[in-house]
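Here are the chains, one letter per residue:
Number of protein chains: 2
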Amino acid sequence: MTPIIARFLSNFIFLFHKKGNQTKCLPYLYPPHPLNFFTHKTPSIRSIDLHLSTTMASSTTPLLKDELDIVIPTIRNLDFLEMWRPFFQPYHLIIVQDGDPSKIIKVPEGFDYELYNRNDINRILGPKSSCISFKDSACRCFGYMVSKKKYIFTIDDDCFVAKDPSGNDINALEQHIKNLLSPSTPFFFNTLYDPYREGADFVRGYPFSLREGVSTAVSHGLWLNIPDYDAPTQLVKPRERNTRFVDAVMTIPKGTLFPMCGMNLAFDRELIGPAMYFGLMGDGQPIGRYDDMWAGWCIKVICDHLGLGVKTGLPYIWHSKASNPFVNLKKEYKGIYWQEELIPFFQGATLPKECTTVQSCYKELSKQVKAKLGKIDDYFNKLADAMVTWIEAWDELNPSAEITNGK
Amino acid sequence: MTPIIARFLSNFIFLFHKKGNQTKCLPYLYPPHPLNFFTHKTPSIRSIDLHLSTTMASSTTPLLKDELDIVIPTIRNLDFLEMWRPFFQPYHLIIVQDGDPSKIIKVPEGFDYELYNRNDINRILGPKSSCISFKDSACRCFGYMVSKKKYIFTIDDDCFVAKDPSGNDINALEQHIKNLLSPSTPFFFNTLYDPYREGADFVRGYPFSLREGVSTAVSHGLWLNIPDYDAPTQLVKPRERNTRFVDAVMTIPKGTLFPMCGMNLAFDRELIGPAMYFGLMGDGQPIGRYDDMWAGWCIKVICDHLGLGVKTGLPYIWHSKASNPFVNLKKEYKGIYWQEELIPFFQGATLPKECTTVQSCYKELSKQVKAKLGKIDDYFNKLADAMVTWIEAWDELNPSAEITNGK
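Going down the list, the protein sequences come from chains F and V.
With the UniProt record's numbering, the residue at position 272 of the first sequence is 272, and numbering never jumps.
With the UniProt record's numbering, the residue at position 375 of the second sequence is 375, and numbering never jumps.
No lab work stands behind these hints, which were simulated from the structure alone.
Please note: incorrect hints may appear among the correct ones.
Unchecked claim - Short, incomplete list of chain V residues facing chain F, as computed with Cβ under 8 angstroms:
no., residue
1, 202
2, 203
3, 253
4, 293
What the hints assert, rightly or not - Calculated pairs, DSS-like style, for lysine-lysine (alpha carbon to alpha carbon, straight line, at most 30 angstroms):
no., chain 1, residue 1, chain 2, residue 2
5, V, 375, V, 363
6, F, 372, V, 353
7, V, 372, F, 353
8, F, 363, F, 128
9, F, 330, F, 237
10, F, 330, F, 128
11, V, 163, V, 65
12, V, 363, F, 163
13, F, 103, F, 353
Stated by the list, open to error - So these bits of chain F aren't anywhere near chain V, every CB distance computed over 10 angstroms:
no., residue
14, 60
15, 129
16, 205
17, 210
18, 220
19, 254
20, 307
None of the values given here were measured: they were computed from a predicted structure.
Built from N, CA and C at the ideal position, the CB exists for glycine as well.
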């Protein structure tokens, strides 16, 4: 036996890491690289886990009650909140009213909320309000900007409480919080899905140095009933409903892009907020229904660069109503065409090492958008400018975040 | 409207592609890149799909009855086959007897099989038999080599029929065949999992040019009851059982490695067979229990290079018995240590364009193993040599395959 192996075995003491009623097997004094065996650094237990166990200790206190805002874009009365009352009422809502600002949006009694219409957006942002879309649910990102909380959950007003296979109501928000407060594993695939879930772990062959995971920035939830299809698929399969409940949460691997849907989405504002820009869509713009896709491609490239995780899977919501496929086709058709060039662009995008904050990453990405996508259509030059305006507006409304990020 | 957009819309006719009782939305005359709009190539409907619909037309004929071998490594009587009789009996079995060749292995009546013990392996391969492991389930790969079929399913003899959440027996083999006969999508993540499954499709934002997918080379199934944990995790969580049935199949994205378990695995021999080498393990070797992991890393790098797909998820089998964690720790400990260098090696491995066959990819990989891993331990020099011997033996037993691959 070589001395290095002997050393390895003597170091092979495991930390019995208690998480709820679950013991996680994490290597204690196990260094990330075998050549580091002689540097005895005790790994710190993730503060995020301590947070999780502390916060989850009392089931009566809603998780992250004072650290999360729920952002809802809407053009109608928010009757859908009635069904969500047991889960949402303890939280603060930010309602972004789209369309006619003179219309009165009724919010069911008992909810704590602030509401912004177009006049408010124009007043608060001044000329910078040009970066916020109008007559498109992309306007929701204004809510991300004005929030002062660490976490955001955003949901569409045609989304209702889904039931799990046992018939129980799914608390979508609670599941998103669990996703955000437990680490992600973007560097290696775990075949039993989220290794941090109760009853699961890392399987044989999963490198021990990667078992600490990385912070989770985004939690992408799914939809039962009406699936999130594009207009062509809606036209071809008008009666298709999603009835399959897949009981899994997983990390989307580093280097892999995904179609992020904004219908049922949560994220850590401090980690990724400034990149959660939903672009220029709707009124006066050549496309719609690509707001969340654009944000998803941008955040994924930046999360990969900064070593942050993106999870998808649970929770499900019940998506009640399919939008009109003919209207959608009109909104989408340029996007369907353009995305064939956008995907290779984002797949090939790399950010320089110097970009260490979300803001600097995002500004760099806007430059690359202008340089490489501007030739497809002048729209991308405008979008690149709007990306910069968005960051300026974000930093104006979030001056402390600017300092936190070391700028 | 620009002429190119007008052209696009006129081309936007969809092929109503019938698959069983399911209609798939595939773009007809939709080229992979928008700049190719003027080259009107009609995409051929995948022969693989025609095969699928033809083969599945009659539910009384077992799928791929004459095109698939079941490979089972064992040291004991194969009583476990009784439970699998309804599903396996129509197929041919290749049994690879490990350990004492004088021992008689009893196979339940009515199964069609051939059996190879160590004496047979030595006789058939001569000096090249050195590449086949002894006293380790890695010996199973000899069965892959002697098979003359297009598909292989391999299963351990402590794996039984699992039940789905409705209490029905799961026909694991049928699900593997479905996985192998439908395409994979390694270039972009689909949030509703396998888009080719009934009741699912590609979601909004999924590029149309990628919806044809690529051929699936490997189908990796999972395990209910005893999860496939390494020795340290077994020691820490002796009572953990996998009870979560995740109703999903998904493609492991390009560029992402995974821990491939050989317990419940199927693959297309013609597409990836020569890379399915389970390495040097067990008797006379410094490690064990890394046979399938090694094969998994190699096949993933080669599938990524050749544009082939790897799926994981369904089907589940019921894994009955946890192996001894103390024995496992002894087998694994060098692997646990070495894998911290192996993973970065495989993550960084690239193959030259000239490598267009699995054999040439595998030989190139063996060179890189020798050059880059030989310094960790002399074992990797031996392993690299065994990889070459394996390919030589494969080509000797499969001369037609050599021609098929254009060598």
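Verification of the supplied hints:
With a cut of 8 angstroms, the hint placing residue 202 of chain V at the interface with chain F holds, because the nearest CB-to-CB distance is about 7 angstroms. At a threshold of 8 angstroms, the smallest CB-CB gap from residue 203 of chain V to chain F is about 5 angstroms, leaving the interface hint in force. The criterion of a C-beta within 8 angstroms of any C-beta in chain F is met by residue 253 of chain V, whose closest approach is roughly 4 angstroms, and the hint holds. Using the Cβ-Cβ criterion of 8 angstroms, the hint placing residue 293 of chain V at the interface with chain F is satisfied: the shortest such distance is roughly 4 angstroms.
Only pairs whose Cα atoms come within 30 angstroms are accepted, and residue 375 of chain V paired with residue 363 of chain V is accepted, the gap being roughly 19 angstroms. Distance restraint check for residue 372 of chain F and residue 353 of chain V: the Cα-Cα separation of roughly 27 angstroms lies within the 30 angstroms cut-off, and the hinted pair is therefore satisfied. For the suggested pair residue 372 of chain V and residue 353 of chain F, the alpha carbons sit about 27 angstroms apart, so the restraint of at most 30 angstroms is met. Of the pairs offered as hints, the one joining residue 363 of chain F and residue 128 of chain F holds, with about 16 angstroms between alpha carbons and a cut-off of 30 angstroms not exceeded.
For the hint linking residue 330 of chain F to residue 237 of chain F, the alpha-carbon distance of about 18 angstroms falls within 30 angstroms, and the restraint holds. Only pairs whose Cα atoms come within 30 angstroms are accepted, and residue 330 of chain F paired with residue 128 of chain F is accepted, the gap being roughly 28 angstroms. For the hint linking residue 163 of chain V to residue 65 of chain V, the alpha-carbon distance of about 23 angstroms falls within 30 angstroms, and the restraint holds. For the hint linking residue 363 of chain V to residue 163 of chain F, the alpha-carbon distance of about 52 angstroms lies beyond 30 angstroms, and the restraint is violated.
Distance check on the hinted pair: residue 103 of chain F and residue 353 of chain F sit about 48 angstroms apart at the alpha-carbon level, beyond 30 angstroms; violated. At the 10 angstroms boundary, the C-beta of residue 60 of chain F stays outside the reach of chain V, the nearest C-beta of that chain being 27 angstroms off. The beta carbon of residue 129 of chain F sits about 27 angstroms from the closest Cβ of chain V, which is more than 10 angstroms, so the claim that it is off the interface holds. Against chain V, the non-interface label of residue 205 of chain F is violated: not every CB pair exceeds 10 angstroms, the least being about 3 angstroms.
A cut-off of 10 angstroms between C-beta atoms contradicts the statement that residue 210 of chain F is not in contact with chain V; the least separation is 8 angstroms. With 10 angstroms as the threshold on Cβ separation, the claim that residue 220 of chain F sits away from chain V is violated: the shortest Cβ distance comes to roughly 7 angstroms. With a least CB separation of 8 angstroms from chain V, residue 254 of chain F falls inside the 10 angstroms interface cut-off, contrary to its annotation. With a cut of 10 angstroms on Cβ distances, residue 307 of chain F stays outside the contact zone with chain V, its closest approach being about 15 angstroms.
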